[in-house]
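K.L.:
Generate the whole structure from the sequences, applying the supplied hints.
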Amino acid sequence: MTAVLEARHLGKRAGRATLLDGVGLTVAAGEMIAIIGPNGAGKSTLLRLLSGDLRPSAGEVRLKQRDIGSFAPRELAARRAMLSQHINVTFPFTVEEIVLMGAGERSLREAGPLVDAALDEVGLSHFRERQLPTLSGGEQQRAHFARVLVQLACGEAKHGPGLLLLDEPTSSLDLRHQIDLVEAARRRAAAGTAVIAILHDLNLAIRFADRLVVLAGGRLAADGPRAEVVTRERIRDIFEIDADVHQVDGVPYVLPQSMRAAGQAELPPR
Amino acid sequence: MSVAAGIETRSPRHSAGRRAASFAIPLLLVVLLVTAIAALTVGAAGIPLSRLPAALGLAGENTAMTARDQLVLWSIRIPRIAAAAMIGGLLAAAGAIMQGLFRNPLADPALVGVSSGGALAAASAIVFTDSRFGEALRVLQTELLPLAAFAGSLATTTILYGISSRSGRTSIAIFLLAGVAITAIANAGIGLLVFIADDRQLRDITFWMLGSMSGATWTKAAVLAPVLIAGLAGCAFIARGLDLLVLGEADAFHGGVDVERLKRISIVMVSAMTGVAVSISGVIGFVGIVVPHLLRLVIGPAHRLLLPASVLSGAILMVGADTLARTIVAPAEMPIGILTAAVGAPVFLFILLRQRGLAAL
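Line by line, the protein sequences give chains A and B. So for the first sequence, this note's numbering puts the first residue at -15; every next one is plus one. So for the second sequence, this note's numbering puts the first residue at 2; every next one is plus one.
No lab work stands behind these hints: they were computed from the structure. Keep in mind that a hint or two might mislead.
[Said to hold, decoys possible] Simulated restraints on C-beta separations: (1) B:299 with A:109: 54 to 64 angstroms; (2) B:295 with A:243: 53 to 63 angstroms; (3) B:299 with A:241: 54 to 64 angstroms; (4) A:0 with B:143: 47 to 57 angstroms; (5) B:186 with A:243: 57 to 67 angstroms; (6) B:143 with A:89: 45 to 55 angstroms; (7) B:68 with A:94: 38 to 48 angstroms; (8) B:28 with A:94: 25 to 35 angstroms; (9) B:28 with A:0: 17 to 27 angstroms; (10) A:141 with B:167: 31 to 41 angstroms; (11) B:350 with A:109: 36 to 46 angstroms; (12) B:30 with A:94: 23 to 33 angstroms; (13) B:298 with A:241: 18 to 28 angstroms; (14) B:218 with A:-2: 54 to 64 angstroms.
[Said to hold, decoys possible] Under 7 angstroms between C-beta atoms, here's a sample of chain A residues computed to sit facing chain B: (15) 69; (16) 75; (17) 92.
[What the hints assert, rightly or not] Sample of chain A residues at the chain B side, in silico, Cβ under 8 angstroms: (18) 53; (19) 55; (20) 57; (21) 58; (22) 61; (23) 66; (24) 68; (25) 74; (26) 81; (27) 85; (28) 86; (29) 135; (30) 243.
Here the structure is a predicted model, which is why all the values come from computation and not from measurement. Glycine included, each C-beta is placed from N, C-alpha and C at the ideal position.
P.N.:
Laid out in structure tokens, this is it:
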């Protein structure tokens, strides 16, 4: 398997604070990776470095064997797509217009089938004429996901399997749409796309990712298959809670002890 | 806290009205033509529609009246209408670009001091070229004024962007307040110039404060035309980038936009369009807010259509307003800035009221 993305010794400082230090990561085509870790661990910073949006203070990011800083924004957009958190659209663009933005210079006539397919996939076909600011947060998030899917499809048609980055894509979605979104990402991975997603729901991450990458305090705490990464000890180290790790259909399932019997939990010993 | 900038329409409106988009440009062209013809016939010296073809040299016999009509049309009215149309187009498009750049429908070059910055530079140029030190440049005054106004507007826009944008986010509260401060500084500068100016300079400077088309000549129209043409070409170039910029700077970049370049080009365009318009007509406010706002409601916010439609609608508005300005108190003239403010300020308040619930400043 060839690596789509390779990050070596990545560091990022902002003033005196070290946000990220010595992080290395390799992602192959068709792989789906979940980044997990507590708040402030450097997950979003890592994703922004991998997207080429931020420049690292140390180390390098290579996309398809080329330094990511050497791509022009348009070239980069044809090879990696990224869904951010909290996008606030101020002008009354319709859902269809927003999704079409993923298609670059193509008109609705040219990119129509791609837009239709993406809207269908996120379940917003009936809202295509609606103005985005009038939708709920979760619906807006799904519209932006459709836009990112169109961008990915346009790029992959030209340059082959690309990179899909998702920053807490499920944060404002209901349960069904969380699963729909992650399954849509899985389908891309099955077709050869390298997918990296920041997920806060451990069980969702375990269920859908091939590999889990754990960040804590700006450093890589673990990187490997779910069975190796998800252990009681590690969860206590990283998240500072006691949790039981059960096996459901041979897949780990994390249940924090404090949630077992509400009201009876004691604070975990530090 | 940086503000969730306003949302223009809250009700779940369907975009069926966007069908208006497909024939917006031809329709606006027709309306502009009709407005311009109406403007040709009205004025201190009335030229009825029946005498218009002859006066324009298109048809009909030459009479004694024709010569007079021709003189009025070709040396006064046509250059004035052409200048008004181009200035309206420039101001409206500059407003639309600035709103796209700052992702807020309340951004307007006149409101946030970009026009005042241009006017200060222009007024300084008048006083300087009239003084002993600037004597050598006096013959170049016509050419120098637009350049000075452009430089003044560019400086103001750059400062505004620098103050209100931090790490890719623009705070609209800081933006508007910085605009208030910059306007105050520019007005203080203009006040100082008024104080030291002699009577003739004073008249020239006062003209900037109020805004008027009365100084329009063929020479000035010739200064405006290339800026408008370059502006239209630039609009086609930045339209898609401005669309994606609505997602925020990071996401516009993720979508393939060279955000830094887009910002630089937009700032230079807004400054050139505003500065040159201001150097001819003085400060005329609210055109840049009212026109794009109304257009977005009808044809949608996509800049590929919004920008050229703003140019045409701004032209219509300004030709209409100027015709009104030179007729309602004839034979005197009302400064056009008063008219646009009287109509524009209530519209601005209306936009504010609509977003009050959504965007806490």
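K.L.:
Next, verify each hint and record whether it holds.
P.N.:
Outcome of the hint check:
1. B:299 with A:109: 54 to 64 angstroms: About 25 angstroms separates the Cβ atoms of residue 299 of chain B and residue 109 of chain A, which means 54 to 64 angstroms is violated.
2. B:295 with A:243: 53 to 63 angstroms: 54 angstroms, holds
3. B:299 with A:241: 54 to 64 angstroms: 59 angstroms Cβ-Cβ, so the 54 to 64 angstroms window holds.
4. A:0 with B:143: 47 to 57 angstroms: Since the Cβ atoms of residue 0 of chain A and residue 143 of chain B sit about 55 angstroms apart, the hinted range of 47 to 57 angstroms holds.
5. B:186 with A:243: 57 to 67 angstroms: 59 angstroms, holds
6. B:143 with A:89: 45 to 55 angstroms: This hint is violated: roughly 41 angstroms between Cβ atoms.
7. B:68 with A:94: 38 to 48 angstroms: Given about 57 angstroms between the Cβ atoms, the range is violated.
8. B:28 with A:94: 25 to 35 angstroms: 26 angstroms, holds
9. B:28 with A:0: 17 to 27 angstroms: Violated, at about 59 angstroms.
10. A:141 with B:167: 31 to 41 angstroms: At 38 angstroms between Cβs, range holds.
11. B:350 with A:109: 36 to 46 angstroms: Distance hint for residue 350 of chain B, residue 109 of chain A holds at roughly 39 angstroms.
12. B:30 with A:94: 23 to 33 angstroms: Given range 23 to 33 angstroms: holds, Cβ gap about 27 angstroms.
13. B:298 with A:241: 18 to 28 angstroms: Given range 18 to 28 angstroms: violated, Cβ gap about 56 angstroms.
14. B:218 with A:-2: 54 to 64 angstroms: 56 angstroms, holds
15. 69: Interface hint status for residue 69 of chain A: violated (10 angstroms vs cutoff 7 angstroms).
16. 75: OK, holds: residue 75 of chain A within 7 angstroms of chain B, min 4 angstroms.
17. 92: Violated - the Cβ of residue 92 of chain A stays beyond 7 angstroms from chain B, reaching only about 11 angstroms at its closest.
18. 53: 13 angstroms, violated
19. 55: 10 angstroms, violated
20. 57: Interface hint status for residue 57 of chain A: holds (5 angstroms vs cutoff 8 angstroms).
21. 58: With Cβ-Cβ at 4 angstroms, under 8 angstroms, it holds.
22. 61: 3 angstroms, holds
23. 66: 4 angstroms, holds
24. 68: 5 angstroms, holds
25. 74: Check passed: Cβ of residue 74 of chain A comes within 5 angstroms of chain B, closer than 8 angstroms.
26. 81: Because about 6 angstroms separates residue 81 of chain A from the closest Cβ in chain B, which is inside the 8 angstroms limit, the hint holds.
27. 85: For residue 85 of chain A, the interface hint holds, since the closest Cβ of chain B sits about 6 angstroms away, which is under 8 angstroms.
28. 86: Since the shortest Cβ distance to chain B is 7 angstroms, the answer is holds.
29. 135: At about 7 angstroms, which falls below the 8 angstroms cut-off, the nearest Cβ of chain B leaves the hint on residue 135 of chain A intact, so it holds.
30. 243: 33 angstroms, violated
When the structure is compared with the earlier hints, violations turn up for hints 1, 6, 7, 9, 13, 15, 17, 18, 19, 30 and for no others.
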